[in-house]
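Chemist: Taken in sequence, the protein lines are chains A and B.
The UniProt record's numbering puts the first residue of the first sequence at 1, with every later residue one more than the last.
The UniProt record's numbering puts the first residue of the second sequence at 1, with every later residue one more than the last.
These are computed hints drawn from the structure, not numbers from a lab.
Treat the hints with care, since some could be wrong.
Below, in silico cross-link-like pairs of lysine to aspartate or glutamate (DMTMM-like), each with a Cα-Cα straight-line distance of 20 Å or less [said to hold, decoys possible]:
| hint | chain 1 | residue 1 | chain 2 | residue 2 |
| --- | --- | --- | --- | --- |
| 1 | B | K47 | B | D146 |
| 2 | B | K306 | B | D339 |
| 3 | A | K44 | B | D339 |
| 4 | B | K306 | A | D82 |
| 5 | B | K307 | B | D167 |
| 6 | B | K340 | A | D86 |
| 7 | B | K340 | A | D82 |
Listed below, chain by chain, are the residues.
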Amino acid sequence: MSQHSATTLRPDLRLIADWIPARARVLDLGCGDGALLAHLQSHKQVVGYGVEIDVGNIARCVTAGVNAVQGDLEAGLADFHDGSFDHVILSQTIQAMQHTEEILLEMLRVGREAIVTFPNFGFWENRWQILQGHMPVSETIPYQWYDTPNIHWCMLGDFEALCAKNGIGVLERVVMNEGRRIRFLPNLRGSLAFYRVARHA
Amino acid sequence: MSTTESSVGIVSAQQALFDVPLDLACGKTLTSYQLIFETYGELNAAKSNAILICHALSGHHHAAGRYQPDDKSAGWWDSMIGPGKPIDTRRFFVVALNNLGGCHGSTGPSSINPATRQPWGSAFPVVTVPDWVTAQARLADRLGIDRWAAIIGGSLGGMQALQWSIDYPDRVANAIVIASAPKLSAQNIAFNDVARQAILTDPDFHGGDFYQQDAIPRRGLRLARMLGHITYLSDDGMGEKFGRMLRSGEYKFGYDVEFEIESYLRYQGDKFSDYFDANTYLLMTKALDYFDPAKDHGGDLVAALKKATANFLVASFTSDWRFSPLRSRELVQGLIAADKRVAYGEIESAHGHDAFLMTDQPYVDLMRAYLDRVAKEVAA
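Build out the structure end to end from the sequences listed, making use of the hints.
Modeler: Rendered as structure tokens:
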């Protein structure tokens, strides 16, 4: 499968793709099977690289015609030089990382802009499940508390505070639920948060 | 293991003679030489489906298949090359050769020097990876191959694939560099030197001209191979296979073979010293030590790689400490900084450096995925 059309791309990845300008240099962290990069290569002629921890996914990226290097994001981005990318993407992974703050800083070391997406813990369904006495389990958080890879939960304001603390500005924010944009009460009504951030000039 | 349907079957070697002088990096010139090689599969009409296999330190041109149905073992990379295997001979035309300086039929120290009608011995010039690549390019010309669909090698073989991509960017579509390095570390050179010292100080070496003395520096070769073998295996792998097992079950308080690992290493050393040429071993280790394509670019690997136009697959193995994943990452970092297309797999394996010759499933799967893509590129 070397072609991923816009219609088959996962909705959250489609939103990220819309943020990437043509011919950009893109680094996709935790790129999985390379679907996003393959889409960006064929639709926007980007120069893309992916990082993936699973060797099976490296093989899938090869099949998709996508550059991918096997590596552990927890160890940082030593394979990449300062300022060598326009956009660095971390999609629905930051909440599962040990070195949350470090990866954010690393992304903005190797890239001009970072795109970070994560499940919004403040989503009302999560709050409701907590009120009922349970850790939330939902479409965006499909794990039980005892087997979840997610260790660093946050809500919109938490992420924005982390950015502010590190001199990082939010260029754009989109909050979605079930594929629809949420503009009213996003921290309550949105299940998935998308941020485009950069260092303050 | 018998010949199965996924084998290339019975193969035979071919010779190519070259009488256009070859200028070597050391400043000397080989006026004429021959290369021995094997091919598997068919070259397509467009001559676009050729793959070159480059061998490592002790390798040769017999990479797949058997010469006789009852040969005890098949070619050294038979696990990877054959119909239905990752390097699929139903789709690709595969060429494997023995490099210059070798001892399996290509011109080397044990060949006859036409000027003296004696074995070359110590007079055989030191050859380098770029020299090999030049000779391989001439073989490609001879076979009518303008551009390789892929050049593949492990260890020292990977260095040749990398050198090709820099020296002949238009002639390499894909370079597959496995368990290799953009240059050796001090530790790696140190191991090579101990191996060389074992050979050079063997009284039977006679300064490299032992052929006329009817001598073979077996002890040196044997030690060199034993040392090499230790570095090709991982501590865990060796522990799993041999542990502290004793051949007789009890200590003998002497210096004969007692531990199984001693028995294994001595057997490997003896076997090797029966068929491998001491001068070739010295040459191959020097080729490893000298390899450093960044050297011509002021030590800047990225600048050296800028010239390449190939797509790259780089692979390393977690338990390989002779050519550790860090060395492969060094290459990958250079390739990314030079804007090259690259895939990199760091494969979980207990097989140490030898893993590149093994069939750990993720390794085979990655090779298969990459070579499927190569086949599609060349419509093979």
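Chemist: Which numbered hints does this structure break?
Modeler: Violated: none.
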